[in-house]
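As given, the protein sequences belong to chains A and B, one line each in that order. Each residue of the first sequence is one higher than the last, beginning at 1 in my numbering. Each residue of the second sequence is one higher than the last, beginning at 1001 in my numbering.
Rather than coming from a laboratory, the hints here were simulated on the basis of the structure. Heads up, a few of these hints could be off.
To be verified - Okay, the calculated beta carbon distance ranges per label pair:
1) A:Leu159 to B:Gly1212: 51 to 61 angstroms
2) A:Leu151 to B:Lys1125: 18 to 28 angstroms
3) B:Gln1113 to A:Arg27: 25 to 35 angstroms
4) B:Val1218 to A:Arg141: 45 to 55 angstroms
5) A:Arg27 to B:Glu1090: 31 to 41 angstroms
6) B:Asp1086 to A:Tyr161: 24 to 34 angstroms
7) B:Glu1024 to A:Pro26: 48 to 58 angstroms
8) A:Met47 to B:Asp1086: 55 to 65 angstroms
9) B:Gln1113 to A:Trp31: 19 to 29 angstroms
10) A:Pro26 to B:Asn1127: 22 to 32 angstroms
11) B:Arg1235 to A:Leu159: 16 to 26 angstroms
Said to hold, decoys possible - As a list, the in silico DSSO-like pairs of lysine-lysine whose alpha-carbon atoms are at most 27 angstroms apart:
12) B:Lys1217 to B:Lys1234
13) B:Lys1217 to A:Lys32
14) A:Lys33 to B:Lys1177
15) B:Lys1154 to B:Lys1177
16) B:Lys1176 to B:Lys1217
17) B:Lys1125 to B:Lys1154
18) A:Lys264 to A:Lys279
19) A:Lys32 to B:Lys1087
20) B:Lys1176 to B:Lys1154
21) A:Lys32 to B:Lys1176
22) B:Lys1057 to B:Lys1087
23) B:Lys1087 to A:Lys33
24) A:Lys33 to B:Lys1234
25) B:Lys1217 to B:Lys1154
26) B:Lys1125 to B:Lys1217
27) B:Lys1087 to B:Lys1125
28) A:Lys33 to B:Lys1217
29) B:Lys1177 to B:Lys1217
Remember, it's a predicted structure, so these values are computed and weren't measured experimentally. All C-beta atoms, glycine included, are put in the ideal place defined by N, C-alpha and C.
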Amino acid sequence: MPGQTKCFQCGSILDSKDVTVDVHPPRMASWKKPFRDVARWARRWRMLPSGSLAERSARRPKMNPADYACLWGLVLSIVPGLAHLIHRRFREIRWFFLGWFLALSIGVFLYATNIGLILVGLAIAFHAWIIVQHSLMKQLRNFGEKLGVLLVVLILLVLIYRFTPRLIVPELTGGYTTLNLPSQNIQYGDYLLAWRDEVSEHPLPRGSLVLTQLVYRGNPRRLNLRRARRRGNMIVQIVGLPGEMVQIRDNTFIIEGQPLDREKYPVPQWLQESSFSGKVPPDSYFISSEYDLRRGRLREGSIRRACIYHFDAVRAKAFMRWLPLSRRGFIEEME
Amino acid sequence: MRRFGRLEFDDKKGPRNRYAQGEEVRDEQYFYDQAVRFWLAGDFEPALRNYSRALEKNNAFFPAWLGQVLMLIELGEYQEAAVWSDKAMELFPEHPELLAAKAVACARDGKIQKALAYSDNSVAKDNITSRVWLARAEVLLSRESRVAESCISKAVSIAGNNSPVIRLEAGRLLNKKRSYSAAMQYLRTVVDELPQSALAWYELGYCQARLGRSEAKVTLQQCLDLHPDWDLAKREFNRLGKTGLFGRFFGK
Chain A
1 MPGQTKCFQC GSILDSKDVT VDVHPPRMAS WKKPFRDVAR WARRWRMLPS
51 GSLAERSARR PKMNPADYAC LWGLVLSIVP GLAHLIHRRF REIRWFFLGW
101 FLALSIGVFL YATNIGLILV GLAIAFHAWI IVQHSLMKQL RNFGEKLGVL
151 LVVLILLVLI YRFTPRLIVP ELTGGYTTLN LPSQNIQYGD YLLAWRDEVS
201 EHPLPRGSLV LTQLVYRGNP RRLNLRRARR RGNMIVQIVG LPGEMVQIRD
251 NTFIIEGQPL DREKYPVPQW LQESSFSGKV PPDSYFISSE YDLRRGRLRE
301 GSIRRACIYH FDAVRAKAFM RWLPLSRRGF IEEME
Chain B
1001 MRRFGRLEFD DKKGPRNRYA QGEEVRDEQY FYDQAVRFWL AGDFEPALRN
1051 YSRALEKNNA FFPAWLGQVL MLIELGEYQE AAVWSDKAME LFPEHPELLA
1101 AKAVACARDG KIQKALAYSD NSVAKDNITS RVWLARAEVL LSRESRVAES
1151 CISKAVSIAG NNSPVIRLEA GRLLNKKRSY SAAMQYLRTV VDELPQSALA
1201 WYELGYCQAR LGRSEAKVTL QQCLDLHPDW DLAKREFNRL GKTGLFGRFF
1251 GK
């Protein structure tokens, strides 16, 4: 093309004299070198794909029947081994299935302990491997993609394992206690299991161990109190029922003038050497729970605010000592 | 035109008719010669600068474009080399040597599939040169293909007047892939033909050192005599004395 300096099709320079051409090449910033070295190393070991993202997406084929089978296998494998069982390939993963089953069983048995948590994590790992082994690992060739898919499956499984128990047994919950109840074989720091649906009808019997959020009304600094355990719901004991007159005298709870058994209803440490007298409102309980006294003397108003709880604050009723293992067993009703 | 025909070292060989009287003309050929001299001395950064200066004189001077790309590769700036070969291809579309250089950049950057594609493209062109075959060999060596050696032989056989430089490149390539014995065969003849090239002496010394040869010390000393400030050669020379029993036994 006469007069043209560049090819209109490919952009090639036809007459370099008329076009200013930059002759100084771009240079790499020195800080980029270590990152590029790592990326290069990863590409050589096939941890990273060698093409750019656009090229890879252009090269990626559309979904074919094998991909759908792979996806279906993924969905079925939410129940570990089901996809393998249907496709008569269970033998391939039998040891992983056994590992998953054992890890999950022991993990559930030791639930709320560190070992239990680790074992449930191990069960999730076995489950993830069972899922990806079915067909994903054969579909993917790149190490980076395999690792990425495995991580995504792991994250999804963690979410499933975290929320499935709430779907299957939504009423089950649990919490730690700060009480020492010799008559119930309960000690400070025990973990108790509780049912939510048992607190639907109030009032609950005296002596019931219930799960509460333990939020005292008012400023905790002004109350001069601090929770014995910083976080989570707490198991506390119902001492006074709605409308009853509750007194604390000589380290004993006195209800309507009748002293309660100290073995069954021990006065918490922070209330000892304190005296209290008050009526429980008709929609509330007087509960017993351990607090840490900050400093100075305890005021009666603080006791009232820390011990009188509305029905709504009661979340569940404890039925089982779960931890420690040596004292695991069902809790007997007091009255 | 012979690409390295105008190269001159202190041995006073070669044509000198460009500056028979007075100071040499500082045209693109002058800077190109300087660049090649720096390259043969293992000074890649000044070589790159001189290639750029050659292009400042004449931006249609192809050897300088190729030289820039090759120097960027030598400096480990593979992405920049790929970008710059694309830039050069605006002036020299689909030039097999530029495609081959881009293939080398991709291969060294770990992008083997891309490298292979560029190499395939370059080999498919007409009038392919030794550099194209060398690039092909490098890409194939990255894939541990046995065909690579025949590519090197082919490159050397068609090198013609550029034979010393191509043999030097072949030796360097084999060195990099740890074929020290094969590399030494090429490099021994190169140091005879390019006795002033520190790079050639270094590559030969490196090769000999890896094979546990005693003459490595003399070879590397020769390299350091030519280029005393070269850190790479100094390091290799210092390493020679520190080779332990195990290293000597296994020739490492």
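Going through the hints against the structure:
In this structure, A:Leu159 and B:Gly1212 meet the distance hint of 51 to 61 angstroms, their C-beta atoms being roughly 59 angstroms apart. In this structure the supplied range 18 to 28 angstroms is violated for A:Leu151 paired with B:Lys1125, their Cβ-Cβ distance being about 44 angstroms. A C-beta distance of roughly 26 angstroms is found between B:Gln1113 and A:Arg27, which places it inside the suggested range of 25 to 35 angstroms. For the hinted restraint 45 to 55 angstroms between B:Val1218 and A:Arg141, the CB-CB distance of approximately 50 angstroms keeps it satisfied.
Distance hint for A:Arg27 and B:Glu1090: a CB-CB separation of about 19 angstroms, inconsistent with the stated range 31 to 41 angstroms. A C-beta distance of roughly 50 angstroms is found between B:Asp1086 and A:Tyr161, which places it outside the suggested range of 24 to 34 angstroms. For B:Glu1024 and A:Pro26, the Cβ-Cβ distance of about 31 angstroms falls outside the hinted range of 48 to 58 angstroms, so the restraint is violated. Hint check: A:Met47 to B:Asp1086, Cβ distance near 27 angstroms, so the stated range 55 to 65 angstroms is violated.
Distance hint check: the CB atoms of B:Gln1113 and A:Trp31 are about 28 angstroms apart, consistent with the given range 19 to 29 angstroms. Checked against the hint of 22 to 32 angstroms, the C-beta distance between A:Pro26 and B:Asn1127 comes to roughly 29 angstroms, which is consistent with it. The given range of 16 to 26 angstroms is broken by B:Arg1235 and A:Leu159, whose C-beta atoms sit roughly 53 angstroms from each other. For a cut-off of 27 angstroms, the pair hint linking B:Lys1217 to B:Lys1234 stands: about 11 angstroms separates their Cα positions.
Annotation: proposed proximity of B:Lys1217 to A:Lys32 is violated, straight-line Cα distance about 35 angstroms (limit 27 angstroms). At roughly 22 angstroms between alpha-carbon atoms, A:Lys33 and B:Lys1177 fall within 27 angstroms of each other, so this suggested pair holds. A distance of roughly 18 angstroms separates the Cα atoms of B:Lys1154 and B:Lys1177; the hinted pair therefore holds under the 27 angstroms criterion. Note on B:Lys1176 and B:Lys1217: the hinted pairing holds, with a Cα-Cα distance of about 20 angstroms set against a maximum of 27 angstroms.
Between B:Lys1125 and B:Lys1154, the direct Cα distance comes to roughly 16 angstroms. Compliance with the 27 angstroms bound is thereby established for this hinted pair. Our distance criterion of 27 angstroms between C-alpha atoms is met by A:Lys264 and A:Lys279, whose separation comes to about 21 angstroms. For a cut-off of 27 angstroms, the pair hint linking A:Lys32 to B:Lys1087 stands: about 22 angstroms separates their Cα positions. The straight-line distance between the Cα atoms of B:Lys1176 and B:Lys1154 is roughly 19 angstroms, inside the 27 angstroms bound, and the hint therefore holds.
Note on A:Lys32 and B:Lys1176: the hinted pairing holds, with a Cα-Cα distance of about 24 angstroms set against a maximum of 27 angstroms. A C-alpha spacing of about 17 angstroms is found between B:Lys1057 and B:Lys1087, which places the hinted pair at or below 27 angstroms, so the restraint holds. For the given pair, B:Lys1087 sits about 22 angstroms from A:Lys33 by alpha-carbon distance, which is consistent with the 27 angstroms threshold. The suggested pairing of A:Lys33 with B:Lys1234 holds, with an alpha-carbon distance near 23 angstroms, which does not exceed 27 angstroms.
A distance of roughly 32 angstroms separates the Cα atoms of B:Lys1217 and B:Lys1154; the hinted pair therefore is violated under the 27 angstroms criterion. A hinted pair counts as satisfied when its Cα atoms are at most 27 angstroms apart, and B:Lys1125 with B:Lys1217 does not qualify at roughly 44 angstroms. About 19 angstroms separates the Cα atoms of B:Lys1087 and B:Lys1125, which keeps this hinted pair within 27 angstroms; it holds. For the suggested pair A:Lys33 and B:Lys1217, the alpha carbons sit about 32 angstroms apart, so the restraint of at most 27 angstroms is broken.
For the proposed pair B:Lys1177 and B:Lys1217, the alpha carbon gap of about 22 angstroms is at most 27 angstroms, so the pair holds.
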